[in-house]
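All chains should be modelled from the sequences, with the hints used to inform the complete structure.
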Amino acid sequence: MIRALLLLAFLCGAEAAAAQPRAQEPDIAYGAYQRGLFMTAFLEATKRAPNDPKAMALLGELYANGLGVPRNDGEAARWFQLASQRGDREATFAIAMFYFQGRGVKRDRDTAAKLLADAAKQGQPAAAYNLGLLYLQGEQFPQDFKRAAELFELSANAGNAEAQYALATMFKEGRGVAKNEREAARLMQLAAIAENTDAMVEFAIAQFNGTGVAKDEAAAAKLMLKAARMGSAIAQNRIARIYSAGRGLPASAVEAVKWHLIAKANGNGDPDLDIYANKQKAEDRTAAEKAAQHWLAGAAKAL
1 MIRALLLLAF LCGAEAAAAQ PRAQEPDIAY GAYQRGLFMT AFLEATKRAP
51 NDPKAMALLG ELYANGLGVP RNDGEAARWF QLASQRGDRE ATFAIAMFYF
101 QGRGVKRDRD TAAKLLADAA KQGQPAAAYN LGLLYLQGEQ FPQDFKRAAE
151 LFELSANAGN AEAQYALATM FKEGRGVAKN EREAARLMQL AAIAENTDAM
201 VEFAIAQFNG TGVAKDEAAA AKLMLKAARM GSAIAQNRIA RIYSAGRGLP
251 ASAVEAVKWH LIAKANGNGD PDLDIYANKQ KAEDRTAAEK AAQHWLAGAA
301 KAL
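With the first letter of the sequence shown counted as 1, position 36 gets the number 36 in the numbering used here; the numbers rise by one all the way through.
Check each hint, because a few of them may be wrong.
For each label pair, taking beta carbons as the anchor points, the in silico distance ranges come out as [to be verified]:
1) N65 / G159: 17 to 27 Å
2) R175 / G36: 35 to 45 Å
3) K146 / D108: 21 to 31 Å
4) A178 / E139: 24 to 34 Å
5) A214 / G74: 47 to 57 Å
6) N209 / M230: 17 to 27 Å
Here are the computed lysine-lysine pairs in the DSS-like style, where the Cα-Cα straight-line distance is at most 30 Å [claimed, not checked]:
7) K121 / K106
8) K279 / K264
9) K264 / K301
10) K301 / K222
11) K179 / K106
These are calculated hints, taken from the structure and not from any lab test. Just so we're clear, the structure is a prediction, and the values are computed from it rather than from any experiment. Idealized CB from N, CA, C, for every residue including glycine.
Structural data, given as structure tokens:
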């Protein structure tokens with residue numbers, strides 16, 4: 001399913017995008033930021049800020065995350081706004097997401113959407129992806145699948161894995177673009193390589209069935225297992241079925257039941273696998289239960 005939460009992109013790196021160094025010129029402030037010397041970055045950016053929108057954007061980043069200075073959403077928003085007004089596309093995207101979230105400013109989705117469109121027009125990949133979501137869902141703009149696909153393509157071509165997955169889904173379903181299973185699989189694979197777990201699951205299914213890509217059950221099972229280990233409940237259910245059938249991987253009752261129990265604990269039950277588990281030897285069920293408990297305990301510690 002295409003991720004529908006605009007804040008996801010923000011929380012996963014919109015602020016970082018606003019603070020990425022520009023290769024055109026040496027920058028002491030950005031260099032210090034990259035090395036984790038946040039106080040130095042703050043002091044150097046403050047010196048440059050009156051005449052440098054990139055320094056303003058960096059100050060916004062530092063205030064937004066409390067790096068080198070106490071976190072201050074109001075100050076972060078102010079600096080992002082100043083940088084945006086001077087044409088910095090990363091800051092424009094950042095302040096757009098602040099308006100969506102109501103962070104440091106009053107929540108205003110209309111203003112956020114306008115800023116998002118401005119950033120996307122300037123070629124900011126994450127802005128294009130998020131703007132595409134608005135068109136896809138018919139929020140702030142009339143629903144327009146074709147426009148959504150165009151925006152996803154802009155972002156996907158810049159390497160945004162979320163956009164690659166979204167566009168792949170549209171090619172798979174024929175929404176906004178002509179249905180094309182090969183293109184869907186190609187884009188899904190790109191997103192899977194970037195470890196988008198939804199894409200990993202979808203590409204593994206395509207590869208398992210030979211839909212839009214050469215059929216390869218072994219490679220599909222390997223990818224599905226990787227997604228399962230990364231926490232995808234869908235992948236956990238699918239790999240349980242793969243182990244139970246012995247397709248792509250050697251059949252294993254213990255592994256099948258283990259992954260079924262893990263998927264079930266993560267909210268993805270399967271009545272057919274319940275029946276399968278109940279038919280297995282008592283010692284295999286016991287081993288599977290212990291393995292599942294061990295895996296779930298480790299996953300909980302990692303949170």
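Legend entry - Cβ separation of A214 and G74, checked against the hinted range 47 to 57 Å: Taking Cβ atoms as reference, A214 and G74 lie about 54 Å apart, which means the hint holds.
Inset, instruction - For the pair supplied as a hint, K279 and K264, confirm whether the alpha-carbon distance does not exceed 30 Å. - result: Holds, because 17 Å separates the two Cα atoms, which is no more than 30 Å.
Inset, instruction - Check the following: the C-beta atoms of N65 and G159 are separated by a distance inside 17 to 27 Å. - result: holds (23 Å)
Inset, instruction - For the pair supplied as a hint, K179 and K106, confirm whether the alpha-carbon distance does not exceed 30 Å. - result: Judged against 30 Å, a Cα distance of about 41 Å means the pair is violated.
Inset, instruction - Go ahead and decide if the range 21 to 31 Å is satisfied by the Cβ distance of K146 to D108. - result: Distance hint for K146, D108 holds at roughly 27 Å.
Inset, instruction - Just tell me: holds or violated, for the beta carbon distance of A178 and E139 against 24 to 34 Å? - result: holds (25 Å)
Legend entry - Pairwise beta carbon distance, R175 to G36, judged against the given window 35 to 45 Å: holds (43 Å)
Legend entry - Given pair status - K222, K301, alpha carbons within 30 Å: Holds - the C-alpha atoms of K222 and K301 are around 25 Å apart, at most 30 Å.
Inset, instruction - Sort out whether K301 lies within 30 Å of K264, counting only the CA atoms. - result: holds (19 Å)
Inset, instruction - Would you mind confirming whether the straight-line C-alpha gap from K121 to K106 stays at or under 30 Å? - result: holds (24 Å)
Legend entry - Outcome of range test on Cβ distance (N209, M230; 17 to 27 Å): For N209 and M230 the Cβ distance comes to about 22 Å; the hint holds.
Against the hints set out earlier in the document, a violation occurs for number 11 only.
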